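S.K.: Same order as they appear, the protein sequences are chains R, Z and W.
Using our numbering, read the first sequence as starting at 1 and increasing by one per residue.
Using our numbering, read the second sequence as starting at 1 and increasing by one per residue.
Using our numbering, read the third sequence as starting at 1 and increasing by one per residue.
The hints are simulated quantities; they were obtained by calculation from the structure and are not laboratory data.
Being a predicted model, the structure only gives us computed values, none of them experimental.
Any given hint might turn out to be false.
[Stated by the list, open to error] Result set (DSS-like, lysine-lysine): computed pairs, CA atoms no more than 30 Å apart in a straight line:
1. K96(Z) <-> K24(W)
2. K99(R) <-> K32(R)
3. K84(W) <-> K99(R)
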Amino acid sequence: MNFVGLFNYWIVMILMMIGFYIVIAQGNLVKKLVGLTLFQTSVFIMYITMGKIEGATAPILSEGETLYSNPLPHVLILTAIVVGIATTALGLALVVRIKESYDTIEEDEINQKDQEC
Amino acid sequence: MNAIFDIISWALLVSGGFLCISGAVGLLRFPDFFTRMHAASVTDSLATTLILTGLFIQADAWIVQVKLVMVLLFVLLTSPTAGHALAKAALHAGQKPALGKQPKTTMEAGR
Amino acid sequence: MELIINMALLSMLAMTAIAIVRIKDLFAVAMLAGIYGLISASFFVMLDAVDVAFTEASVGAGISTLLMLTTLAITGRFEKADKKSRTRFALPLVLLTGGLLIYGTLDMPSFGAADAPVQEHVAPRYLNDSEQEIGIPNVVTSVLASYRSFDTFGEVIVIFTAGIGVLALLMRSDLPPAKGSKSTASMHEHMVLRIVAKMLIPLILLFGLYVQFHGEYGPGGGFQAGVIFASAFFLYAMLYGMNAARRVIDSVVVQILAALGVLIYGTTGVISLLSGKNFLDYSVLSHDAVHAQHLGILFIELGVGLTVATVMIIIFFTFSGRNQVEGETD
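Extracted from the complex, chain R is given alone in its bound form (with noise of 0.2 Å):
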């Protein structure tokens, strides 16, 4: 088994797991988000890994240079990473005004405050 080579992925899945830990596990909405920027980061490493080649450059066309790393995960993470900024500003947009209605953010409480009407 090639630690070394399989090192990268255990990180990624150690990461995934602790962003999903934290959106299931604590309460906070705005943490919640943040776990879930953990959990998209994690992802994006993973992708980036896969298109690495050992002893090659970044995808920059030049002069000299014969072994370029894979550039479609790139693009594809270039996406992945401004769509996950825009929904993490949307969620956050949510999070205030859920502040405003229920003057709290922890969500046993908004669920109380939910049965008590």
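Knowing the structure of chain R, use the given hints to seat chains Z and W on it.
M.R.: Below, chains Z and W alone, put in the same frame as chain R:
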């Protein structure tokens, strides 16, 4: 000639790295917010200058050296400003620097 | 040697993530999330993904931290402690899923192999043919802006939709319009910051323009340039007050420019449709094929940069406007 350049850039990079580590240790161990700010700002200004100068000697194209000088100027302009902004915000929030024991009057100090 | 740096960076990422789980002070969590973005940007540079590192550093470590801090100013700083019932259920689930995923990675092709399945079929075609067909050195930009321009169109529309969504949720119509009052008392308070900002803002705008137009020759392009451009406006707004910032760039103008960016992108595609070819086929823009590709990439990167910059400004102004008390000018 190359060996001398290598040795000089080695010394600069290693001393810059050492200052980074000592700045981090100071950030953790100093007693007060403002002393910790000072430790962090050493990392920002002096360590960055040493590391970038070491890289400058190692660069192979002149355009890379020009870019490194521009990066250095930008960092020297913005990092102390950021430290100033942080210290200002801390003072505004009520954080007071921890002072040593001061004598109340000179008569008491002489006693 | 690279391997040690990679492993050190990844270990720092894992430690930052664990710290984010355990800390209850949300300002510290926002800062740690910014550090997380910056370390992953360094890691992307180590893995030869320079465009991605640029975008992650500007978006993940810059804009994301700023938005979270703006939200935390409205919602509050500390979070409650974890509920025991939740953690008792969540932790075994997370460990089980993590174990299954790690078991799944044992079948992955080894790291850095040149004959992995992902390196075949499409990627060599892009790398080999990009020089003749499109003629720009940065292959990532040529794939993003020409081969896969339809995906990028969708991305621009997603950003625009997020801007509209934030406006729909948080826009306040009861704010006083920007008056012509000079800011008097606050000038002396922020002297050092204002002078340094005055020196930096033209340089930031110039750098944004440089990144926009040099995205074809090095790392860069529309997204990074839009974010850098917007950050100059954020700096001005934070130091001189929202009123002064609204006088510089009016809310209505910003909204029109955001829609204009998407329109420029769509018009480039529709022009190709009206000339009888496929949507976003750039060959109709000029007689020479390579020159036509350059023109097409220029237009759509302009649309992308315009939309991203203005939507970021819209989001920041809307969040700050929500926090503003009626009658205040700063």
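S.K.: Against each hint, give a clear statement of whether it holds in the structure.
M.R.: Status of the hints after comparison with the structure:
1. K96(Z) <-> K24(W): Holds, at about 24 Å.
2. K99(R) <-> K32(R): holds (15 Å)
3. K84(W) <-> K99(R): The hint holds at about 24 Å.
Violation of the numbered hints given earlier is absent; every hint is satisfied by the structure.
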